[in-house]
Amino acid sequence: MFKKIALAALALGLSSSASFAATQITWWHAMGGELGKKLDEIVANYNKSQDKYQVVASYKGTYAETMTAAIAAFRAKQQPDIVQVFEVGTGTMMAAKGAVYPVYQLMKDAGAQFDPKAYLPAVVGYYTDTQGNMLSMPFNSSTPILYYNKNVFKKAGLDPNTPPKTWEDVETFSKKIMSSGAAKCGFTTGWISWVQLENFSAWHNLPIGTNENGFGSVDSKLSFNGPTQVKHWDNLKKWQTEGIFQYGGPEGGNDAPPKFYSQECAMYMNSSSSRAGVVNNAKDFEVGYGMLPYYADVKGAPQNTIIGGATLWVLKGHDAEEYKGVADFFRYLSTPEVQADWHQFSGYLPITQAAYDLGKTQGYYEKNPGTDVGIKEITLNTPTPNSKGLRFGNYVQIRKVIDEEFQALLGGKKSAKEALDAVVERGDKLIADFAAANK
Amino acid sequence: MQTKRTIFNSKILPYWLILPQLAVTLIFFVWPACQAVWQSFLREDAFGTSTQFVGFDNYVAITQDSSYLNALIVTVIFSVAVATVSIVLALVLAVAANSLLKSRSLYTTLLVWPYAVAPAVAGVLFWFMFNPTIGLIPYLLKGLGYHWDDRLNGTDAMILVVLAASWKQISYNFLFFLAGLQSIPKALIEAAAIDGAGPVKRFRDIVFPLLSPTTFFLLVVNVVYTMFDTFAVIHATTQGGPNQATNILVYKVFTDGFIGLDLGSSAAQSVVLMVIVIALTFIQFRFVERNVQY
Numbered sequence: 000m001f002k003k004i005a006l007a008a009l010a011l012g013l014s015s016s017a018s019f020a021a022t023q024i025t026w027w028h029a030m031g032g033e034l035g036k037k038l039d040e041i042v043a044n045y046n047k048s049q050d051k052y053q054v055v056a057s058y059k060g061t062y063a064e065t066m067t068a069a070i071a072a073f074r075a076k077q078q079p080d081i082v083q084v085f086e087v088g089t090g091t092m093m094a095a096k097g098a099v100y101p102v103y104q105l106m107k108d109a110g111a112q113f114d115p116k117a118y119l120p121a122v123v124g125y126y127t128d129t130q131g132n133m134l135s136m137p138f139n140s141s142t143p144i145l146y147y148n149k150n151v152f153k154k155a156g157l158d159p160n161t162p163p164k165t166w167e168d169v170e171t172f173s174k175k176i177m178s179s180g181a182a183k184c185g186f187t188t189g190w191i192s193w194v195q196l197e198n199f200s201a202w203h204n205l206p207i208g209t210n211e212n213g214f215g216s217v218d219s220k221l222s223f224n225g226p227t228q229v230k231h232w233d234n235l236k237k238w239q240t241e242g243i244f245q246y247g248g249p250e251g252g253n254d255a256p257p258k259f260y261s262q263e264c265a266m267y268m269n270s271s272s273s274r275a276g277v278v279n280n281a282k283d284f285e286v287g288y289g290m291l292p293y294y295a296d297v298k299g300a301p302q303n304t305i306i307g308g309a310t311l312w313v314l315k316g317h318d319a320e321e322y323k324g325v326a327d328f329f330r331y332l333s334t335p336e337v338q339a340d341w342h343q344f345s346g347y348l349p350i351t352q353a354a355y356d357l358g359k360t361q362g363y364y365e366k367n368p369g370t371d372v373g374i375k376e377i378t379l380n381t382p383t384p385n386s387k388g389l390r391f392g393n394y395v396q397i398r399k400v401i402d403e404e405f406q407a408l409l410g411g412k413k414s415a416k417e418a419l420d421a422v423v424e425r426g427d428k429l430i431a432d433f434a435a436a437n438k
Numbered sequence: 000m001q002t003k004r005t006i007f008n009s010k011i012l013p014y015w016l017i018l019p020q021l022a023v024t025l026i027f028f029v030w031p032a033c034q035a036v037w038q039s040f041l042r043e044d045a046f047g048t049s050t051q052f053v054g055f056d057n058y059v060a061i062t063q064d065s066s067y068l069n070a071l072i073v074t075v076i077f078s079v080a081v082a083t084v085s086i087v088l089a090l091v092l093a094v095a096a097n098s099l100l101k102s103r104s105l106y107t108t109l110l111v112w113p114y115a116v117a118p119a120v121a122g123v124l125f126w127f128m129f130n131p132t133i134g135l136i137p138y139l140l141k142g143l144g145y146h147w148d149d150r151l152n153g154t155d156a157m158i159l160v161v162l163a164a165s166w167k168q169i170s171y172n173f174l175f176f177l178a179g180l181q182s183i184p185k186a187l188i189e190a191a192a193i194d195g196a197g198p199v200k201r202f203r204d205i206v207f208p209l210l211s212p213t214t215f216f217l218l219v220v221n222v223v224y225t226m227f228d229t230f231a232v233i234h235a236t237t238q239g240g241p242n243q244a245t246n247i248l249v250y251k252v253f254t255d256g257f258i259g260l261d262l263g264s265s266a267a268q269s270v271v272l273m274v275i276v277i278a279l280t281f282i283q284f285r286f287v288e289r290n291v292q293y
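First to last, the sequence lines map onto chains A and B. If you're matching positions, the first sequence starts at 0 in numbering that gives the first Met the number 0 and goes up one per residue. If you're matching positions, the second sequence starts at 0 in numbering that gives the first Met the number 0 and goes up one per residue.
Don't read these hints as lab results, they were simulated from the structure. A hint or two may mislead.
As the list claims (entries may be wrong) - Pairs of lysine to any residue, SDA-like flavour, derived with a Cα cap of 25 Å:
| no. | chain 1 | residue 1 | chain 2 | residue 2 |
| --- | --- | --- | --- | --- |
| 1 | A | 154 | A | 59 |
| 2 | A | 59 | B | 117 |
| 3 | A | 428 | B | 35 |
| 4 | A | 149 | B | 132 |
| 5 | A | 220 | B | 258 |
| 6 | A | 412 | B | 65 |
| 7 | A | 412 | B | 145 |
| 8 | A | 37 | A | 278 |
| 9 | A | 438 | B | 53 |
| 10 | A | 412 | B | 154 |
Stated by the list, open to error - Over 12 Å on every C-beta distance to chain A, these chain B residues come out as not near it, computed from the model:
| no. | residue |
| --- | --- |
| 11 | 4 |
| 12 | 79 |
| 13 | 98 |
| 14 | 140 |
| 15 | 189 |
| 16 | 276 |
By construction, the Cβ of each residue, glycine as well, lies at the ideal position given by its N, Cα and C atoms.
Using the sequences and the hints, build the whole thing.
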């Protein structure tokens with residue numbers, strides 16, 4: 000009897016040590032719902048493809064929660080190998096030199112095959128240092144596009160195959176839609192901060208801040224309170240009063256999608272990664288896609304849009320063996336097949352040219368109209384210092400400030416000029432605080 | 000008859016007996032509080048890789064921060080409103096329930112239910128009811144000619160969080176008032192009735208003064224509740240918006256510390272909150288326990 004138990008224990012010990020032989024790589028991410036399931040599938044496929052490393056992915060809540068969790072874990076020396084951080088956390092991550100293992104360095108140290116030129120510059124540019132070195136691995140990047148309701152356009156006597164090009168078009172189309180009774184409101188939008196201020200500035204080739212939008216130095220200042228932005232916010236306020244524009248709420252704008260899905264608003268601006276949701280929810284109407292509108296009288300518009308989304312950062316404090324695994328996993332993530340699959344499933348942009356080309360040869364973009372609008376927007380022109388992205392410290396809070404001041408504008412407490420001046424004043428203070436804490 | 004008293008002679012035994020509670024208090028309350036005090040004198044980057052000692056800089060910074068001042072005013076308005084609404088309504092309900100003979104326990108049970116609902120759930124319920132896009136109440140208000148929009152209108156947002164926070168607290172206050180009402184000697188009220196005092200006069204001159212210790216106790220407890228326990232309600236409904244109209248002090252500590260990762264300022268703000276709660280507790284022990292005279 001005793002022998003039997005001992006044998007069983009031995010067998011158990013053997014089998015568990017066999018699975019322990021694979022080095023574990025921990026990855027904390029913020030992808031819930033359908034995206035989370037897809038991510039788990041990617042990880043499972045990677046783990047099946049080789050037996051040296053085992054990636055363990057854990058969902059940690061929203062982007063902000065995931066980042067806070069990783070930082071708290073780092074302070075307690077329990078950090079994961081990889082953490083997914085949203086684009087506005089880039090400034091914070093970049094400044095944390097003692098905590099972050101830059102991806103280009105990691106790939107070099109691990110001797111992994113890595114060609115920085117394979118990645119789309121418009122995506123990677125957001126995450127490189129001033130020498131052009133990649134600091135984090137892009138995973139899910141998106142850019143805002145325009146969605147519109149073709150049925151409503153038809154009912155209002157508009158051409159359903161012509162989306163509005165300019166903001167002037169948006170206004171006249173909306174008036175026509177509303178007066179014909181085709182819909183109650185012209186347009187709504189998610190992400191006021193990201194779409195109607197940051198991307199708005201880049202799209203019109205206007206600076207968001209000094210030092211090349213903060214890429215050059217930590218002690219930069221914001222400058223998106225110029226006359227064009229003021230004019231746009233003035234218009235948004237005017238259009239809100241007239242009912243042309245309906246506010247969808249702060250941050251992502253949770254109230255915006257239902258307004259579009261229920262056909263209350265005819266047009267809707269949001270991330271290209273919202274496409275899957277839009278298609279699933281637009282049961283009774285056909286969806287059209289267009290680029291973001293611009294003001295025709297602004298020179299240099301449209302320039303190119305900037306990205307949002309998140310990248311994977313590697314944290315210091317683990318063994319070289321684990322980092323080899325991280326490097327290998329990043330190599331796997333960048334392969335055209337994995338990338339194209341993730342991009343086509345989620346609506347996020349492909350991060351490599353090869354993945355985009357693969358989609359083209361598969362005929363994916365012809366079969367699924369609208370899926371390449373985002374790619375066309377970010378690659379419309381060579382990015383200028385005004386349009387390659389933005390990088391400021393404490394930007395998570397600055398996004399909140401933008402929302403607050405926009406609410407003050409719509410609530411009638413401030414004019415567009417006052418609101419944008421207040422954003423810049425409060426934002427500059429937050430940037431200065433960050434610079435002081437990261438000397 | 001004399002009961003035998005057991006006397007423990009050991010001097011150390013009492014300390015052993017309170018040790019578990021003491022350990023819990025030290026580890027989970029005193030130690031983090033000390034850490035917060037220490038953190039409030041530091042300026043650190045998020046990862047803690049560079050730390051400077053800055054003395055009282057964080058405290059000076061919050062006094063000069065207009066959004067902190069705003070949070071202070073919002074907190075005062077919010078606590079006074081929640082305390083008033085929940086105490087007045089609870090008193091009305093308690094008096095009404097107390098006057099019933101047969102169905103009193105039924106009403107009591109029903110009225111206590113909301114207390115079992117978690118604050119976050121209460122918040123979500125109200126968020127749904129008052130949601131400008133999909134909610135029922137804005138739809139009904141539109142019929143009355145009022146355009147409800149807690150997303151943009153600060154007053155609407157404040158009303159929303161006050162209602163959500165009070166709704167839960169009414170149950171708690173109700174129980175205390177009911178117990179208070181039942182402990183008032185019937186003889187006093189009957190004597191007043193014989194002397195010709197009507198129901199209103201009896202309530203004003205006898206019942207309410209006798210309830211004053213309960214009311215004062217509830218006032219302190221409710222203020223503490225709104226200042227420290229309503230985080231979940233705010234987080235689930237307005238998240239401090241619009242334009243900081245419902246950004247109470249506790250919520251600001253959270254956003255600055257956990258979203259903004261400005262740990263020094265967040266710690267300084269929580270130390271200020273700690274001082275406030277110590278003061279409130281002192282008031283409660285000092286005055287509530289003995290001072291309300293009839």
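Hint check results:
1. A distance of roughly 45 Å separates the Cα atoms of residue 154 (chain A) and residue 59 (chain A); the hinted pair therefore is violated under the 25 Å criterion.
2. Between the alpha carbons of residue 59 (chain A) and residue 117 (chain B) the distance comes to roughly 22 Å, so the proposed pair stays at or under 25 Å and holds.
3. Annotation: proposed proximity of residue 428 (chain A) to residue 35 (chain B) holds, straight-line Cα distance about 24 Å (limit 25 Å).
4. For the suggested pair residue 149 (chain A) and residue 132 (chain B), the alpha carbons sit about 23 Å apart, so the restraint of at most 25 Å is met.
5. This hinted pair checks out: residue 220 (chain A) and residue 258 (chain B) have alpha carbons roughly 21 Å apart, not beyond 25 Å.
6. The hinted pair formed by residue 412 (chain A) and residue 65 (chain B) meets the criterion: a straight-line CA distance of about 16 Å does not exceed 25 Å.
7. Distance hint between residue 412 (chain A) and residue 145 (chain B) is fulfilled; the C-alpha atoms sit about 19 Å from each other, no more than 25 Å.
8. Of the supplied pair hints, the one linking residue 37 (chain A) and residue 278 (chain A) holds, its CA atoms being roughly 18 Å apart against a limit of 25 Å.
9. For the hint pairing residue 438 (chain A) with residue 53 (chain B), the CA-to-CA distance comes to about 14 Å; that is within 25 Å, so the pair holds.
10. For the proposed pair residue 412 (chain A) and residue 154 (chain B), the alpha carbon gap of about 13 Å is at most 25 Å, so the pair holds.
11. No Cβ of chain A comes within 12 Å of the Cβ of residue 4 (chain B); the nearest lies about 51 Å off, and the non-interface call holds.
12. At the 12 Å boundary, the C-beta of residue 79 (chain B) stays outside the reach of chain A, the nearest C-beta of that chain being 23 Å off.
13. For residue 98 (chain B), the non-interface assignment is confirmed: its Cβ lies about 45 Å from the closest Cβ of chain A, beyond the 12 Å cut-off.
14. For residue 140 (chain B), the non-interface assignment is confirmed: its Cβ lies about 17 Å from the closest Cβ of chain A, beyond the 12 Å cut-off.
15. Separation of residue 189 (chain B) from chain A is adequate, the least Cβ-Cβ distance of about 56 Å exceeding the 12 Å criterion.
16. Remark: the non-interface label on residue 276 (chain B) is consistent with the geometry, its nearest Cβ contact in chain A lying 24 Å away (cut-off 12 Å).
Violated hints amount to a single one, hint 1; each of the other numbered hints is respected by the structure.
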